[in-house]
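**Student:** Model the placement of chain B on the given structure of chain A, informed by the hints.
What follows is the residue order along each chain.
2 protein chains.
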Amino acid sequence: MPKNWALGRGGARGGPGRYVPAVRSGITPREALDCVLAETPVLRSETVSLPEALGRVLAEPVDSTRVLPPADNSAMDGFAVRAADCAGATAEAPVVLPVAFEIPAGASTPPALPGGRAARILTGAPLPPGADAVVRQEDTQRRDGEVAVRVAPPPGEHVRRAGEDVEDGERVLEAGGRVGPAQLGMLASLGRGFVAVHQRPRVAILSGGDELVEPDGDVSGGRIVSSNSWALAAQCRELGAEPVYLGIARDTPQDIERRLRGGLGADLLVSSAGVSVGDRDFVRDVLEKLGCRLSFWGVNMKPGYPLAFGRIDPERGDAAGPLVFGLPGNPVSAMMTFEQFVRPALLKLAGASRLFRPRLRARLAEPLRKKPGRLHFVRVTLAREGERVVARSTGNQSSGVQKSMTRADGVLLFDAEATEWPAGHEAWVQVLDPDFLASDDAGF
Amino acid sequence: MPKNWALGRGGARGGPGRYVPAVRSGITPREALDCVLAETPVLRSETVSLPEALGRVLAEPVDSTRVLPPADNSAMDGFAVRAADCAGATAEAPVVLPVAFEIPAGASTPPALPGGRAARILTGAPLPPGADAVVRQEDTQRRDGEVAVRVAPPPGEHVRRAGEDVEDGERVLEAGGRVGPAQLGMLASLGRGFVAVHQRPRVAILSGGDELVEPDGDVSGGRIVSSNSWALAAQCRELGAEPVYLGIARDTPQDIERRLRGGLGADLLVSSAGVSVGDRDFVRDVLEKLGCRLSFWGVNMKPGYPLAFGRIDPERGDAAGPLVFGLPGNPVSAMMTFEQFVRPALLKLAGASRLFRPRLRARLAEPLRKKPGRLHFVRVTLAREGERVVARSTGNQSSGVQKSMTRADGVLLFDAEATEWPAGHEAWVQVLDPDFLASDDAGF
Numbered sequence: 048m049p050k051n052w053a054l055g056r057g058g059a060r061g062g063p064g065r066y067v068p069a070v071r072s073g074i075t076p077r078e079a080l081d082c083v084l085a086e087t088p089v090l091r092s093e094t095v096s097l098p099e100a101l102g103r104v105l106a107e108p109v110d111s112t113r114v115l116p117p118a119d120n121s122a123m124d125g126f127a128v129r130a131a132d133c134a135g136a137t138a139e140a141p142v143v144l145p146v147a148f149e150i151p152a153g154a155s156t157p158p159a160l161p162g163g164r165a166a167r168i169l170t171g172a173p174l175p176p177g178a179d180a181v182v183r184q185e186d187t188q189r190r191d192g193e194v195a196v197r198v199a200p201p202p203g204e205h206v207r208r209a210g211e212d213v214e215d216g217e218r219v220l221e222a223g224g225r226v227g228p229a230q231l232g233m234l235a236s237l238g239r240g241f242v243a244v245h246q247r248p249r250v251a252i253l254s255g256g257d258e259l260v261e262p263d264g265d266v267s268g269g270r271i272v273s274s275n276s277w278a279l280a281a282q283c284r285e286l287g288a289e290p291v292y293l294g295i296a297r298d299t300p301q302d303i304e305r306r307l308r309g310g311l312g313a314d315l316l317v318s319s320a321g322v323s324v325g326d327r328d329f330v331r332d333v334l335e336k337l338g339c340r341l342s343f344w345g346v347n348m349k350p351g352y353p354l355a356f357g358r359i360d361p362e363r364g365d366a367a368g369p370l371v372f373g374l375p376g377n378p379v380s381a382m383m384t385f386e387q388f389v390r391p392a393l394l395k396l397a398g399a400s401r402l403f404r405p406r407l408r409a410r411l412a413e414p415l416r417k418k419p420g421r422l423h424f425v426r427v428t429l430a431r432e433g434e435r436v437v438a439r440s441t442g443n444q445s446s447g448v449q450k451s452m453t454r455a456d457g458v459l460l461f462d463a464e465a466t467e468w469p470a471g472h473e474a475w476v477q478v479l480d481p482d483f484l485a486s487d488d489a490g491f
Numbered sequence: 048m049p050k051n052w053a054l055g056r057g058g059a060r061g062g063p064g065r066y067v068p069a070v071r072s073g074i075t076p077r078e079a080l081d082c083v084l085a086e087t088p089v090l091r092s093e094t095v096s097l098p099e100a101l102g103r104v105l106a107e108p109v110d111s112t113r114v115l116p117p118a119d120n121s122a123m124d125g126f127a128v129r130a131a132d133c134a135g136a137t138a139e140a141p142v143v144l145p146v147a148f149e150i151p152a153g154a155s156t157p158p159a160l161p162g163g164r165a166a167r168i169l170t171g172a173p174l175p176p177g178a179d180a181v182v183r184q185e186d187t188q189r190r191d192g193e194v195a196v197r198v199a200p201p202p203g204e205h206v207r208r209a210g211e212d213v214e215d216g217e218r219v220l221e222a223g224g225r226v227g228p229a230q231l232g233m234l235a236s237l238g239r240g241f242v243a244v245h246q247r248p249r250v251a252i253l254s255g256g257d258e259l260v261e262p263d264g265d266v267s268g269g270r271i272v273s274s275n276s277w278a279l280a281a282q283c284r285e286l287g288a289e290p291v292y293l294g295i296a297r298d299t300p301q302d303i304e305r306r307l308r309g310g311l312g313a314d315l316l317v318s319s320a321g322v323s324v325g326d327r328d329f330v331r332d333v334l335e336k337l338g339c340r341l342s343f344w345g346v347n348m349k350p351g352y353p354l355a356f357g358r359i360d361p362e363r364g365d366a367a368g369p370l371v372f373g374l375p376g377n378p379v380s381a382m383m384t385f386e387q388f389v390r391p392a393l394l395k396l397a398g399a400s401r402l403f404r405p406r407l408r409a410r411l412a413e414p415l416r417k418k419p420g421r422l423h424f425v426r427v428t429l430a431r432e433g434e435r436v437v438a439r440s441t442g443n444q445s446s447g448v449q450k451s452m453t454r455a456d457g458v459l460l461f462d463a464e465a466t467e468w469p470a471g472h473e474a475w476v477q478v479l480d481p482d483f484l485a486s487d488d489a490g491f
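Chain order of the listed sequences is A and B.
Under our numbering, think of the first position of the first sequence as 48, with each following residue one higher.
Under our numbering, think of the first position of the second sequence as 48, with each following residue one higher.
The shape of chain A in the complex, shown without the other chains (with noise of 0.2 Å):
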């Protein structure tokens, strides 16, 4: 009998063979999910430079030192005045002031502005000490060294004050945050050259199965394109994790052992194929003897039961203990297995307090129909109609066809127990891509 073979027919009813590991098996998706966050750690912060935090996610708060903008300043090209000067003026009965000065944007402190007297002023330059307000250049005509003033600004008319962005020590930023452009550009502004984020996490994909060829092989005789290394390593790169790519394992302890030995390094080991009840099980072997410990192995799912999980454990073996996924080799499984559980612990060991997709309700186009016992992950176009947003099924659901990936905005969560859903039905959808919420037009 091959080893495992006991696994394979539910411990419960074959009972414990000798080669029965102490693993759960056919456990729920959310007990899989609970299992694997409880297991996975955050990485350590490291400081980069600016162009390398774009993306990460912010391993501390992040305050200010300074006031932004520095000093009261004209947020208009045009005319610092005292408010009280200009009083009552309008375009038939200016207010004329003589000119004092100009100030550029790049000037320092301006000298004080005597009363009664306007000042040329830029955007951005800082208002001379006695004005109180700007009049734009389009409310004003300039005569030789005088302006005449057809507006009576309120105190305050476009005048930025200082610090209304902005307060010295004020909390700008908080950790867990994702560094995106305006964060980037706030962290330039604050005179943030460097910032502490989360490390990147590193992935090492195997790929295993002698019937696998890389994309320019030899497909004849039934072989295959081992794609889903390069879809997996996609998905890494997608969520700015860094993928090492192990290669394709031939089905022998050596084989895999060497190439299995290359990822220990990393923070997560993703093995497409190799972790199952067949007899090729190769892969579990391997892993046991570097030291892994594995949580579980079959999740009540559809497509992916034969999701496994667990850690190198640094006692056992000889390398810092990364978590390990033995995805399932179909190519849409594994895909749907990655989406579901190694994303989410690629996002906590990056730090993001944001482990999951955008969710919405979606209405059903036609009725679907399982069996009770899995939940079943139904891939889904999704389109606006009026309020509602409706989802179609891709098509053949089969777990090869990769089809119904390439489809997909969104993954329609088809519940365990339920067998039929009517056309109309409402269900929750994980959103893969908020595209279809798109228009032709941008709204204006």
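Possibly wrong hints are sitting among the right ones.
As the list claims (entries may be wrong) - Derived coverage of chain A by chain B (criterion: at least 3 residues anywhere in the stretch with Cβ under 8 Å from a Cβ of chain B; other residues may be distant): (1) 198 to 212; (2) 282 to 290; (3) 452 to 459.
As the list claims (entries may be wrong) - Away from chain A, derived, C-beta distances all over 12 Å, residues of chain B: (4) 77; (5) 285; (6) 338; (7) 440; (8) 450; (9) 467.
Stated by the list, open to error - In silico EDC-like pairs for lysine to aspartate or glutamate, Cα to Cα no more than 20 Å straight-line: (10) B:395 to A:204; (11) A:349 to B:214; (12) B:395 to A:482; (13) A:418 to A:467; (14) A:395 to B:204; (15) A:349 to B:482; (16) A:395 to B:482; (17) B:417 to A:204; (18) A:336 to A:360.
Just so you know, these hints were derived from the structure itself, not from any lab.
Fair warning: this is a prediction, and the values are worked out from it, not measured in the lab.
Every residue gets a Cβ at the ideal spot worked out from N, C-alpha and C, and that includes glycine.
**Tutor:** Leaving out everything else, chain B in the frame of chain A:
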């Protein structure tokens, strides 16, 4: 009188002076966007290897030259049978079949299955001629050389048909689609190690102003960090465009020209500050010298009125004509005009079919007020409340307040002629970050 002064006073009121250029001014955001997109070409294609293709836009449709899966194969670990041989099998009355041979996943064409026999088969392995169904090993019991089958499979059970994913010659991916992880996996499966995608737009970014310093610079005397270049470069990178930073130009025509010439080889040139009505308008002079034909200056929007757009004309200048955007200098204005006009232009250059953000209807949490005449782009946070999305202003909407951007989930469009919208009013919001739809759990 400074050059272009008349423009600032408004052409109609001031009358055309000697220096009023033939550019449109005070146009609507829609007119500005239409103008930008009409001038924007689609970049040529280039053939890249698979890892380079992630995030790019396909420049060619992809037709399969393979059948996927290449042969009928098993969806499960179990036993290949003739369904007719197992008719009536149950757990109580199993059908016992001799096991003729085993078929590993890496096998090429297996021998034919004789009638009244079963073949051990692994997931992905080719079905032997003669067999038409697979019985899961969970539904069997193996004995020496025999297997007891405890269910009666219908023909086709657990069999993946050759071509059920992709037929030979089938159009699998369309030109204009984005290459994400699923598309990359599909390309790999099809043996396409190289694929034609549109070039990445290169964006030259110039900062300008004597008051500006780099993030590690001295900010005494009212100087401020040139944060716009950092935010704009990050906006480019998030779209997959390549920013080229030209540095901070001092307020002299010589320095501006020297730096702008460094950007003439780019596809798009962004100048932050400088193309204005102000007294320091050297950028415009230099651009004209380099052959720039301005299409418009001044858009009826807030923030962002002083936006300029044009193109370096290859017949007049000495290089191959990048698009030119003169963005306002205020941090929020710079990011918002990039978001509304440069972003769609970059997506069009990159070949994308969808140029705009996801949009949705949201209800105002608080009333909004403004003067009529300009479309306001209000930075808002978004929250799901029951079935509805509620938008709240991020606070002070002054164009100098960067915090209004760092906190924004979306941009609410406050129509040009509207003056007051009450709480509860429903308006369009462009979604910058769909994460507001995310929950604290995966939904299962």
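**Student:** Let me make sure I understand: some of the numbered hints might not hold for this structure. Which ones are they, in numerical order?
**Tutor:** Going through the list in order, the structure violates hints 4, 5, 8, 10, 11, 14 and 15 and respects the others.
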